[in-house]
Every structure is written in structure tokens, then in C-alpha cells.
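Chemist: If you want the building blocks of each chain, they are given just below.
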Amino acid sequence: MTGVGVMALEDSDRVDFTRLRLERRRRLLAAMESAGLDVLVLGRPNDVRYAAGARTLWRTGANPFAPMCVVVARTGRVHLLSTWDDGIPPEIGHDDLYGLFWNPAHLIAALAGIPGLTEARRVGTDSLTPFFGQVLADLIPALELVDASGILADVRAEKTADELACIETALTLAEAGLAALDEALEPGMTEQALLGVYVEAVSRLGAPTPPSESVVFATPRQGPVRYRYLATDRLINKGELVVLSPGALYAGYEAGVGRTRTAGAVASVSALALRDRCRRAVDALLAACRPGLSGADLYGAWESTGEPPAEIALAHGVGLGAESPMVGFGRGADAPLLEGAILSVQAFVSQEGTGGFFERELVRIEDAGPVVLSRSER
Amino acid sequence: MVDDWAAGATIGGIAIPSLPDMARLRADRHAKLQGQLEAQGVDGLVLLGSAGVAYATGADAPGEDSGRAGLFRSVAIVVRGDSAPHLYTAFWDGVPAELPPDHVHGPLFPDLDDGFGNFVEALHGHFPSGAQLGVDEQTHPMLRSLGHFQWIDASSVLGAAKILKTPDEVSAIREAQRITEQAMDTVRQALRPGLRQTDLSGIFLRRIFELGATANAIDPIWQVMTPTRAEGPWTSHGDLAYPTSTTDRILREGDIIWVDAGICHRGYASDFGRTWITTAHPSPTERQTSHFTRWRSVVDAARDILKPGVSALELGRAAIAANDGVKPWMEHFYLAHGIGTDSAEMPLIGTDLGDDFDASLIMGPGMVLVFEPVIWDEGYAGYRSEDIVAVTDTGWVRLSGLRYDPFEVAA
Chain A
1 MTGVGVMALE DSDRVDFTRL RLERRRRLLA AMESAGLDVL VLGRPNDVRY AAGARTLWRT
61 GANPFAPMCV VVARTGRVHL LSTWDDGIPP EIGHDDLYGL FWNPAHLIAA LAGIPGLTEA
121 RRVGTDSLTP FFGQVLADLI PALELVDASG ILADVRAEKT ADELACIETA LTLAEAGLAA
181 LDEALEPGMT EQALLGVYVE AVSRLGAPTP PSESVVFATP RQGPVRYRYL ATDRLINKGE
241 LVVLSPGALY AGYEAGVGRT RTAGAVASVS ALALRDRCRR AVDALLAACR PGLSGADLYG
301 AWESTGEPPA EIALAHGVGL GAESPMVGFG RGADAPLLEG AILSVQAFVS QEGTGGFFER
361 ELVRIEDAGP VVLSRSER
Chain B
1 MVDDWAAGAT IGGIAIPSLP DMARLRADRH AKLQGQLEAQ GVDGLVLLGS AGVAYATGAD
61 APGEDSGRAG LFRSVAIVVR GDSAPHLYTA FWDGVPAELP PDHVHGPLFP DLDDGFGNFV
121 EALHGHFPSG AQLGVDEQTH PMLRSLGHFQ WIDASSVLGA AKILKTPDEV SAIREAQRIT
181 EQAMDTVRQA LRPGLRQTDL SGIFLRRIFE LGATANAIDP IWQVMTPTRA EGPWTSHGDL
241 AYPTSTTDRI LREGDIIWVD AGICHRGYAS DFGRTWITTA HPSPTERQTS HFTRWRSVVD
301 AARDILKPGV SALELGRAAI AANDGVKPWM EHFYLAHGIG TDSAEMPLIG TDLGDDFDAS
361 LIMGPGMVLV FEPVIWDEGY AGYRSEDIVA VTDTGWVRLS GLRYDPFEVA A
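Chains A and B, in that order, give the protein sequences. Each residue of the first sequence is one higher than the one before, starting from 1 at the first, in my numbering. Each residue of the second sequence is one higher than the one before, starting from 1 at the first, in my numbering.
No lab work stands behind these hints: they were computed from the structure. The beta-carbon is built from N, C-alpha and C at its ideal position, and this holds for glycine as well. Check before you lean on any hint, since a few could be wrong.
Short derived list, chain B residues pointing at chain A, Cβ under 8 Å [as the list claims (entries may be wrong)]:
#1 G63
#2 F149
#3 G238
#4 T244
#5 L353
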């Protein structure tokens, strides 16, 4: 065991990325075979990353579907939209790349040239637009369009040892981000300045694309308290409870940790009571992270604490970014909690006059019970 | 301090304000969308993408990786004839103040089958069966459960509304650009051999948030350019590979880096491009200076003729003529692109859409152009920067700054 780091070592790559990519491809092709899929057309960046393992330009947000990657069962080839081979792993050859086009006719011609596409029948996509729905129908005479989003979710849910190593590395980077936030937090700073400290810290460790920029907010000691998402230029006041929820991506894999600190002072008695409420809730959720249970058990665990309905999700899967299951906002009660899955579990509680308290833990569901991966001081 | 950067320039007879009035901006955008829905006979829009939701509603959302941004996405529904858009979101603190409470709703999760009935119910509350609706993405639950609506691409409505910016939108882009350039000043001053590309990202990202940016938009690019194309990555078209993604690569003395970065501020994208030289005391060679001078003259040649009524084809030809007949942009890109709630949108000038398309693309007041020509000198790398202008009633106004350090603009 070499420990967690981001540099290659002469005796070990720390994470065997070749093995990771080839295992993902093997699993994906096996899932296509059992679903009887001839072709997969993928547009969601993290599905594309799973299939291709390419290091492409990261862009923020949810961007509309386009056919970024085509997987053909018959040939076992993964075709990718890229004009160059920088960031493209060696198992994807130059012949497997199709270029960036602004003219849809050129893109359609490139897709038509992919061996095995036009004679396919069952074609799965992870999403669609009316235009690309028509393109596929025109290109593939025998097209039977299949929802492949569940197939992708299933293969992504079960993590290999190499994927776990990536998530653990991401978690270590997120915890380093928390350490930087802890060090920098002081009354008189703006939330935005504190967010800047975090993003610089994870960038300097080599991870400049946070899973979320919703990382810092101070909670008021007067009036109603709600979970906030956007860092503002509001000054952090002495004695306020400040929510810190740094994350990181490593090779696309996500991890995060959440803590709440008192700015420039020791926690008040009422803040400690709030902290205890939050921890009871987190611990109840963690205890329900067992194989064979479901999202409903997480809802049950939350209700057993006597807290009012949660205003944020209770838990969601992590892997290549946030994944299913998503348990919160009334959704996910039927979602099974599977052995081997990694969940981000979180609780936010608030008290008018005191503020808000948030904690987030990363947990692996094992047969013997939940294993909490995050190590930052609570 | 508010500077009068637009100096009285007008779009549709209205002066471009120094700072945008965001409530007015949102109201004008909604009116434009309504105008297009009416003109194109479309009953409404259902938007799932971050940029589309930002355009239709003006709602802010935290910057997020695509997986998280997709799972927890906001949805915008625009009903033809309605006075405001409907917004379905978890990010309550990003909701514009003037949006009526009965138009603000909890999140819909259109990617999940669980609870999809809420989405169906919401749509039925707004539209009768058979309504023609523009959409930017169809998740499989949508494809399964919403077949009784007539779905078309939203791009015809969105594109027509977006291509001409209002004076406030132009001002908003300039504001995003100003933050980006200020942050880049800090980075450029810090640039030294021995730093990693990701160190530069860290300096930049910290500074944009200190300056109040809403979000970062792309992983900032600091690509080290090789002297020849062949020494760079393989490409399918034989032209340059650019932009390639940032790593922990350590920068060395003399590395020529092509910088490209952009943020999202109050819904609007910025776009910063420059060529820097990695060294403590940059002094470009004569050859490097000539690359810059030529780049300037290409941009100037296009801008000299830029005004309403000029075609994209004419702009492209002027740029090519200024580069001795050689097309001064990369095969997979363009001489210029538009910018707005998307980092690259119409008008696109010089793409593979072809000359006929460019001839039909006529400049109008309110179009925004990011000029990004490339001067390549095989064996000696080259120069690339980006200059942003907005087309006004009589010409254009500059939205990006005039500093190209370590290169100097001749007086």
C-alpha cells in the first residue's frame, strides 16, 4: 500500500488506470450483450468517460445531448468525438475518433462511417433530442431505440478496486480542501473569498474542477435558516456557524465531505445542541446504509430522529460524479442499497437564533455494515 | 467606480449601460422568447440544460460537474402568452427576485422515473395534449411518458432570440469579461517556470471568486504550443490540436502557452484568450512580435468593415486577405463566435457550415463577436488571442481589454 497521492511512483502507478479502463469496457460490453444492445450512443459526459476513459475538456453544468461516444457490440470498439489524440487512451485508435463539426451534415456523415452503426437494430442512448432522434432514425433503418440510462447506472454502481482507489484519492483531496478552509476561516471574510481558498487548494493538488462550487455558506443567528447553494459577498460574522462542504474529482471520480465550524469562536451551547442533532441524524442514516435495505429505510432513519422533513437529499451515490441512487426530495424510496456502492450521506438541521449545522460523510456499503471513508475531524 | 466604457454606443437606439440592469435584462429576454414563440407558432419551451434555463429564467445555479448538474438540474418551462417563465429548482437562493411565487416550484428530476408523475402533471398544468413544445434534451422518462406532446428542438426559438443581445446583455457580458481579465492579470504576473498548469488554474479560480464571479465555466487551458504541428498531438485534419486539457504539467522557461478560460457571471459567459511566454522577464523575439502584429492586423481588418449589414463571409474574407490569403483560424473552429449564456453560440463565422451559410449571416446591432484568429508560423509556434466586440447601430464597441502582455499594441 503506497498511500494516497497524485504522483506516479517508480514501483507503482498507485491507480492502475489501464486495468481500470479495460475493466470498465469489459463490463459495459457485457451489459450490452445481456441487454441485447447492438450499439450504445452516449452523450452524458460521465457515461462517455466510463466507456472511453478519455481526458477531455471539462465544462461546467448540464449540457444538452449530442452523440459524443458510440460503442459497437459486434466490433467491441469505442468511437469518440475528438479531433485529436491528446487525452485519448491507447486502446482508442485514430480510426475510432470522429471530429468536431458545426455542420450537422458532416457529423451525420462521420457517424454513418462508424462500422456496425447503420446495420444495427437495438440502439441504446443515455438521453436524446428531437434532432438526434431523427438522425438515428435516418441512419439506422431497423432502429429500435432503447433506454440505456439504467444499463449505464447499473454498471457504474458496482465499483472495482481501481475505482475505489480513485474515489479515495478524491476524498483525500476534498479533505485537503477542508483543511485549507479550516485554516483560512475567520470572521470578516466573504463566503466568496473562502470559496476561493478552497478552489485554489484543490487546484494546486491537481484537481481544478470541483464537483460543485456550492461549498461555503454562513448561517444567520437571526431569522429563518435555510440551506444555501450560492456563495455570496456577505461577510462571515464572529460566532456564526459556517457550512463547509468541499469535494474533489480525481480522474472523474467524485468524493466530498461536509463539516460545520464556528467562525472565530468556540461553539455556543446552542450550537453544540444543534451539532448533536445533526450527528444523530447522520449516524441514523449511516446505520441504515446496509445491503438489502432501500431508500425507504433512509427516509425511516431520518424520521426516527424526529427532525422535520429534510430540505436537501439524504444520500446519493458517487462514482464518476454524482450517481444513482438519489434518495431525497421524495424520490428514491424504492432504490435498493447495494453491497459495494459508495454513498454520500448528509444532514442539515437548523434552529432559529442559532444557525444551521451540516455534515456529509462518504460511506461504503459492505456486507458487514457501513464503512465510513471520510476522516476529517468532526 | 463606474466607467463609461460604451461611450454612448447604442443598440436599437438605446445606449449600452455601464452596468447591466438585470431585472430589465430578464424582462427583455422573456419578451424576446415570447415574440419567437408567437412568430414560430410554438406553444412553449421545456428546457433542461444549464444555459437554456439561465437564459429563460435568469436563475443562478452553482457551478457543478455534469453528473451532479444533471441529477439536480433546474427546469424552465415557458408558456406562450405567459407573463413570466416557470422555474423548477432546488437552488432557491438563485431565483430572481421578481419571478412571481406561483412561477417558482421545487425540482422535477426529469432524469428519474421515480416521481416523474410530477413532471407530467406540471406539463399538463401548462399545456393541452398535442401542444407543440421546444425542448433542448429528452430524457428517457420524458420519451416514455410525454409522447402526447409534439416535440421539436428548442434551438430555433432560442437561437432566434439569443443572437441579438439587448444593451443590458452586452453590458453583462462585459462585466463577466472584466472579472475574468482582472483575475488573469494576477495569473500572468505569477507566471514563472516551475509552476504547474494546475497552479495557474488555482490562482485564476481563487481570484474570480474573490472578485464575485457566479461560477467557473471550463477547466482553464494553459496549453504549451510546440514549434511545429507535427510535434503536437495527432489530429484528424492535420491542423493544430487546441484546446487540450490541463494537467499537472510543469511549465519550463520559454514555453509558449495559449491561454483560454471563461467564467459564468450572472448567467453570462466570458472568454479570455491570450498567448503568454513562460519566463520571469518576458521579452518576445522579433519573430514572436511579428506573429502578434499579424494577429492584430487580422482582427483589425475584420473590424474595420464590421457594422450592421456586413456578412460573415465578408468578415472572413477580410481576415484571410490580411493574412496573405491563408485562412487565419483552425480547421475545427472559426474566425469568430458569438457568446451569451453559452460560451460559444451564433453567430459563428468561418465554420464548416460553409460559404453560403456565412454569406447569409448578416451582422446586426446586438450581435457579439469573439474574434480568435490564429497566426501559425510552422517551426516557431504562433500567436492566438481573443478580442470581443458587440455590433452597435453604427459599428462596434469593445467588450474585452486592450492588454496583450508581454506584447505591446503599437500606438
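Chemist: All hints are to be evaluated individually against the structure, with a verdict given for each.
Modeler: Results for each hint:
Interface hint at G63/B: satisfied, since its Cβ lies 4 Å from the closest Cβ of chain A, which is below the 8 Å cut-off. Annotation: interface hint on F149/B violated; nearest CB of chain A at approximately 11 Å, more than 8 Å. A hinted interface residue such as G238/B counts as satisfied when its beta carbon comes closer than 8 Å to some beta carbon of chain A; here the least separation is about 10 Å, so the hint is violated. With its C-beta approaching chain A no nearer than about 4 Å, T244/B sits inside the 8 Å limit, and its interface hint holds.
Hint status for L353/B: holds, given a least beta-carbon distance of 5 Å to chain A, under 8 Å.
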